[in-house]
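*Asks:* Each chain is listed here by its residues.
There are 2 protein chains.
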Amino acid sequence: MIIGIIGIGLIGGSLAISLKESGLAEQIIGMDASQANLDKAVRRRLIDDDLPLEAGIRLADVIILATPMDAMLDLLPDLLDMVRKDQTVLDVGSTKQTLLDTVVDHPNRGRFVACHPMAGTEFSGPEAAIPHLFEGKTCVIVDAEDSDQDAVDTAKQVFGTVGMRFTHLERNAHDLHCAYVSHISHIASFALALTVLEKEKDEQRIFELASSGFSSTVRLAKSSPDMWVPIFRQNRDHVLDVLDEHIEQLSRFRTQLIKRDFDGFYERIRRANQIEKILK
Amino acid sequence: MIIGIIGIGLIGGSLAISLKESGLAEQIIGMDASQANLDKAVRRRLIDDDLPLEAGIRLADVIILATPMDAMLDLLPDLLDMVRKDQTVLDVGSTKQTLLDTVVDHPNRGRFVACHPMAGTEFSGPEAAIPHLFEGKTCVIVDAEDSDQDAVDTAKQVFGTVGMRFTHLERNAHDLHCAYVSHISHIASFALALTVLEKEKDEQRIFELASSGFSSTVRLAKSSPDMWVPIFRQNRDHVLDVLDEHIEQLSRFRTQLIKRDFDGFYERIRRANQIEKILK
Numbered sequence: 001m002i003i004g005i006i007g008i009g010l011i012g013g014s015l016a017i018s019l020k021e022s023g024l025a026e027q028i029i030g031m032d033a034s035q036a037n038l039d040k041a042v043r044r045r046l047i048d049d050d051l052p053l054e055a056g057i058r059l060a061d062v063i064i065l066a067t068p069m070d071a072m073l074d075l076l077p078d079l080l081d082m083v084r085k086d087q088t089v090l091d092v093g094s095t096k097q098t099l100l101d102t103v104v105d106h107p108n109r110g111r112f113v114a115c116h117p118m119a120g121t122e123f124s125g126p127e128a129a130i131p132h133l134f135e136g137k138t139c140v141i142v143d144a145e146d147s148d149q150d151a152v153d154t155a156k157q158v159f160g161t162v163g164m165r166f167t168h169l170e171r172n173a174h175d176l177h178c179a180y181v182s183h184i185s186h187i188a189s190f191a192l193a194l195t196v197l198e199k200e201k202d203e204q205r206i207f208e209l210a211s212s213g214f215s216s217t218v219r220l221a222k223s224s225p226d227m228w229v230p231i232f233r234q235n236r237d238h239v240l241d242v243l244d245e246h247i248e249q250l251s252r253f254r255t256q257l258i259k260r261d262f263d264g265f266y267e268r269i270r271r272a273n274q275i276e277k278i279l280k
Numbered sequence: 001m002i003i004g005i006i007g008i009g010l011i012g013g014s015l016a017i018s019l020k021e022s023g024l025a026e027q028i029i030g031m032d033a034s035q036a037n038l039d040k041a042v043r044r045r046l047i048d049d050d051l052p053l054e055a056g057i058r059l060a061d062v063i064i065l066a067t068p069m070d071a072m073l074d075l076l077p078d079l080l081d082m083v084r085k086d087q088t089v090l091d092v093g094s095t096k097q098t099l100l101d102t103v104v105d106h107p108n109r110g111r112f113v114a115c116h117p118m119a120g121t122e123f124s125g126p127e128a129a130i131p132h133l134f135e136g137k138t139c140v141i142v143d144a145e146d147s148d149q150d151a152v153d154t155a156k157q158v159f160g161t162v163g164m165r166f167t168h169l170e171r172n173a174h175d176l177h178c179a180y181v182s183h184i185s186h187i188a189s190f191a192l193a194l195t196v197l198e199k200e201k202d203e204q205r206i207f208e209l210a211s212s213g214f215s216s217t218v219r220l221a222k223s224s225p226d227m228w229v230p231i232f233r234q235n236r237d238h239v240l241d242v243l244d245e246h247i248e249q250l251s252r253f254r255t256q257l258i259k260r261d262f263d264g265f266y267e268r269i270r271r272a273n274q275i276e277k278i279l280k
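Line by line, the protein sequences are chains A and B. Mapping of the first sequence onto the UniProt record's numbering: residues 1 to 280, in sequence order. Mapping of the second sequence onto the UniProt record's numbering: residues 1 to 280, in sequence order.
Quick caveat, the hints were computed from the structure, so don't treat them as lab data. One or more hints might be untrue.
A pair counts as met if it fits within one copy or between any two copies, since identical chains are not told apart.
[To be verified] As a list, the in silico EDC-like pairs of lysine to aspartate or glutamate whose alpha-carbon atoms are at most 16 Å apart:
id: 1; residue 1: K259; residue 2: E21
id: 2; residue 1: K85; residue 2: D146
id: 3; residue 1: K222; residue 2: E267
id: 4; residue 1: K85; residue 2: D148
id: 5; residue 1: K137; residue 2: E208
id: 6; residue 1: K199; residue 2: D70
id: 7; residue 1: K199; residue 2: D241
id: 8; residue 1: K199; residue 2: D39
id: 9; residue 1: K277; residue 2: E198
id: 10; residue 1: K277; residue 2: E203
id: 11; residue 1: K20; residue 2: D49
id: 12; residue 1: K156; residue 2: D61
id: 13; residue 1: K156; residue 2: D78
id: 14; residue 1: K199; residue 2: D244
id: 15; residue 1: K277; residue 2: E248
id: 16; residue 1: K156; residue 2: E200
id: 17; residue 1: K40; residue 2: E127
id: 18; residue 1: K20; residue 2: E122
id: 19; residue 1: K201; residue 2: E245
id: 20; residue 1: K199; residue 2: D78
id: 21; residue 1: K259; residue 2: D241
id: 22; residue 1: K277; residue 2: E54
id: 23; residue 1: K259; residue 2: D244
Pulled out of the complex, with its shape left as it was, chain A reads as follows (with noise of 0.2 Å):
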């Protein structure tokens, strides 16, 4: 199978190793907006060639679009205008229901499967392109029933040889709850670091100091705008409705302190560790 990728940075880069790895693509094909992109991808050995976008997709089996949100919303449209129905092309995005709105009615919307690996690093580039990096995790296949089943199957068959599980959802319900689950996670992230670096003038203290904990909070700060920007531009709503519950949160410590009902705090941290139930 000849795959080409759109986007060659953290996970398109990542899925081209395990691809490769796997058997299944036969010859990995780049393309990408930044040609000093692929040359690295190529020095990496990530991708077998690059190809101006149009030859790039005459050429593949399945095309999987991996560039950030904004660049999909111009994409999708016109490669499903040049897509043949032997070809699958998938996506990788964080948000879906802007990008499915903008090919809602497109001739060859079957042919197009809504895919989000839930994985990911807070590195971007092909220079962050990982082994492994889906393993275990999950794929969200997003309105299945608008695609082809053979396109669905061929989803299935990428994602499932790098080591995804699936799971279905419904557009809307999918950027809802990526709001709570992933979104929210990289606006605290960013807060975090604001707060420390606005409130700790001394830059040698947070590094002496900073414990593992600190660390893992934190992590997330060090993500790329170019991504993330379009994905709260693209789930803006959903974002803001999780983003003003989480505030309410915090705010709710805020008072318990100022007040010093410390019994309630005791409550609700109690109330907060339920979340290890959940998680791993």
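Chain B: place on chain A using the hints.
*Replies:* For chain B alone, coordinates are given in the frame of chain A:
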């Protein structure tokens, strides 16, 4: 050297492992308000013997106070009443101002060295004790000039043996810095867990969709209120100050979302990214 540890939980138990392993401790005596904890600690071979408080204190060359912070406030003055000139008392507490205020005029103040080994996990109890917890981490020695020189040397021997490096702070500065780089992370994580538990009623969905990013941000929300409420109580004013700043930073992201000011949002993420220069 005979080392007595009061409070055999995550920190006390992990110290017991490393001090014994290093050969510095020929005997580790465990003391704890909970006989069940002591029994577990003996079964796990964390300690050589368990003894009642007074008997253990009489026997030990070095006494390490590793209980929650509230219990330390009661125990430390009593310990200093009993301590001999050939003994050293250390603590491992996360706040210092309130604790040190309780013994500021004690005639045996010099035998006590206020220490804060900046290491831990989200787990607690003797079953959470692990080897190598302290290696490469920082131990803050607070108000060292109020301690006898030989007692400070002993403290450095104990924490140096388990692989820590040292920094010195005055007690108010310690509590302030710890509010920034440790305590606020925990409140942010507790609030994030409560946000998700409140908004996402479908626990199976959290389990399926939770990415590694969410898990790392919310990891600290598993931490015990028995440890953390006393810290927030004793460091209330600094924690309130930094919590206000954190809510302010989140509120600015909220305003930017409402106004669709995504250029401003982008700029603030770029600023947050600077945390990567400070953290490893």
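*Asks:* My question is about K199 and D241: at a cut-off of 16 Å on alpha-carbon distance, are they close within one copy, between copies, both, or neither?
*Replies:* This pair counts as between: shortest inter-copy Cα distance 9 Å, intra-copy 27 Å.
*Asks:* Give the relationship of K85 and D148 under a CA distance limit of 16 Å: within one copy only, between copies only, both, or neither.
*Replies:* within (10 Å within a copy, 82 Å between copies)
*Asks:* Is the C-alpha distance from K85 to D146 at most 16 Å within one copy, between copies, in both cases, or in neither?
*Replies:* Classified as within; 15 Å inside a copy, 80 Å across copies.
*Asks:* With identical chains treated as interchangeable, where does the CA-CA distance between K40 and E127 reach 16 Å or less: within a copy, between copies, both, or neither?
*Replies:* within (7 Å within a copy, 47 Å between copies)
*Asks:* Between the shortest in-copy and the shortest cross-copy C-alpha distance, which are at most 16 Å for K156 and D61: within, between, both, or neither?
*Replies:* Within. Shortest intra-copy distance 15 Å satisfies the 16 Å Cα cut-off; inter-copy 64 Å does not.
*Asks:* Given a CA cutoff of 16 Å, do K201 and E245 count as a within-copy pair, a between-copy pair, both, or neither?
*Replies:* between (30 Å within a copy, 14 Å between copies)
*Asks:* How would you classify K259 and D244 at a CA-CA limit of 16 Å: within, between, both, or neither?
*Replies:* Between copies only: 15 Å across, 22 Å inside.
*Asks:* Are the CA atoms of K277 and E203 at most 16 Å apart within a copy, between copies, both, or neither?
*Replies:* Between copies only: 9 Å across, 36 Å inside.
*Asks:* Tell me, please, which holds for K277 and E248 at an alpha-carbon limit of 16 Å: within, between, both or neither?
*Replies:* neither (23 Å within a copy, 31 Å between copies)
*Asks:* First find the shortest C-alpha distance between K199 and D244 inside one copy, then the shortest across copies, and answer within, between, both or neither for a cut-off of 16 Å.
*Replies:* between (23 Å within a copy, 11 Å between copies)
*Asks:* Quick one: K259 to D241, C-alpha cut-off 16 Å, is that within a copy, between copies, both, or neither?
*Replies:* between (27 Å within a copy, 14 Å between copies)
*Asks:* I want to check one pair: K20 and E122. Are their C-alpha atoms no more than 16 Å apart within a copy, between two copies, both, or neither?
*Replies:* neither (24 Å within a copy, 38 Å between copies)
Hint check: violations occur at hints 1, 6, 8, 13, 15, 16, 18, 20 and 22; the rest are consistent with the structure.
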